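Please arrange chain B on chain A, whose structure you already have, making use of the hints.
Heads up: the sequence lines are chains A and B, in that order.
With my numbering applied, the first sequence covers 1 to 240.
With my numbering applied, the second sequence covers 1 to 240.
No lab work stands behind these hints, which were simulated from the structure alone.
Quantities reported herein were computed from a predicted structural model and do not represent experimental measurements.
Keep in mind that a hint or two might mislead.
Heads up, the list lumps identical chains together, so a pair's fine if it works in one copy or across two of them.
To be verified - Below are the DSS-like pairs computed for lysine-lysine, each with C-alpha atoms no more than 25 Å apart in a straight line:
no., residue 1, residue 2
1, Lys123, Lys133
2, Lys123, Lys177
3, Lys164, Lys120
4, Lys123, Lys164
5, Lys177, Lys122
6, Lys123, Lys174
7, Lys120, Lys227
8, Lys174, Lys122
9, Lys164, Lys227
10, Lys174, Lys227
11, Lys122, Lys164
12, Lys120, Lys174
13, Lys227, Lys123
14, Lys164, Lys133
15, Lys120, Lys149
16, Lys227, Lys133
17, Lys164, Lys174
18, Lys133, Lys177
19, Lys177, Lys227
Number of protein chains: 2
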Amino acid sequence: QIVQALIEKQPKTPQTWQGKTFVITAGPTREAIDPVRYISNHSSGKMGYALAEAAAHAGANVILVSGPTQLATPAGVQRIDVETAEQMLNAVQQQLQQCDVFIGCAAVSDYRIAEIASQKIKKEQNDEPPQLKLVQNPDILQQVASSEKPPFTVGFAAETENLKANALRKLERKQLKMIVANDVSQTGLGFNSDSNNAIIFSQDSEQSLPTMSKHDMAVAIIDAIAKRYFDNTTPEIRAN
Amino acid sequence: QIVQALIEKQPKTPQTWQGKTFVITAGPTREAIDPVRYISNHSSGKMGYALAEAAAHAGANVILVSGPTQLATPAGVQRIDVETAEQMLNAVQQQLQQCDVFIGCAAVSDYRIAEIASQKIKKEQNDEPPQLKLVQNPDILQQVASSEKPPFTVGFAAETENLKANALRKLERKQLKMIVANDVSQTGLGFNSDSNNAIIFSQDSEQSLPTMSKHDMAVAIIDAIAKRYFDNTTPEIRAN
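The shape of chain A in the complex, shown without the other chains (with noise of 0.2 Å):
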């Protein structure tokens, strides 16, 4: 139904983006708090994986920025692996040069500790529990989307509630083209799931994506960029 025609919609070829450049981050980040403890969070990594593959598979060139996971590199794509969330800005940074579009997929970490203890902290050591003081992390997808010369910047929005509404505050605060928020207190969904449902808005849209297998909702969005993204490229980059 919905999701077959989305996907039919598909240009037959699959060379839409031949000759353009795909920055995706993705999996999570990890933020020590001594040399064997850290912050992190539930993502598998699985959606960034399926948009690299899914834009590789149109024809761009796709560079994967990776926090840890357990995911093999889709084919054609170049990855490179992070940990902490200042390592991803700062290879996502390296690569803005020839980036045309950038898909912040990656659940950065928004804090690390604020001070890393060099040895691990021992119990015993401590009549009290540590306080863990937190810092924040830079904004990848701010930073992106307010470089320069940006490319055309799409996030991703895992809320537990409001979701419209988060997701509609972070588009505009962020200055996206595009955001993709999905509702992750849905059990079954989203997070390490292999299936996920989601909203995908821009400034002056809003389309739903039913449950579907990450693979097709790739699919769908990397399809939803390319309609946005050459309807706002002059015909001359278009026939690149």
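Below, chain B without anything else, positioned relative to chain A:
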């Protein structure tokens, strides 16, 4: 050399542990911060799974209580999946009645978050990064070793400094029969790695295990436990 000698000393028949039950914990635990974030550590679970496999191969009935890992359950092993330290303790306690040997190989979080947020913590709603207040988790090893009829209890010590002193202190304080200590500050060994080296301490002995695969190390550890266990039990029990 030494590795080979250790392995060859293994009884020819794999039925050393016939009729005995091992409870083995493995992997990290995860302590939720909010629905998407958590605290964890760098344990892959490989050592605990290797121990479960080696004990089952030596004829034991093996119950593996496992935190989140990417590993397949070894043949013949009964696996119980848990996420947090408290869930791991509960699962272990339910198996204690029938447990002859307990090996605490999991990297249990010493701390958990005092109050888990029921919704995702949004950074734009906080001027200041939140402080994470921690509380101490139950000590599973200590509770097992100090239970009314304690099994033969074996602990692990992953240390980044003062290996021997920290391991012996842990052996004493928790009243363990045996502790396997390794230095996790050595790159390429221990956490997430396929090989390891270690020192096995008991009250009156010290046995160095050189760098070897986790599989070989598991066989050597199960063998070291057998030597102690069957020396310390009465001939009647031994005849079982």
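query = What hints, given by number in increasing order, does this structure fail?
reply = 7, 13, 14, 15, 16 and 18
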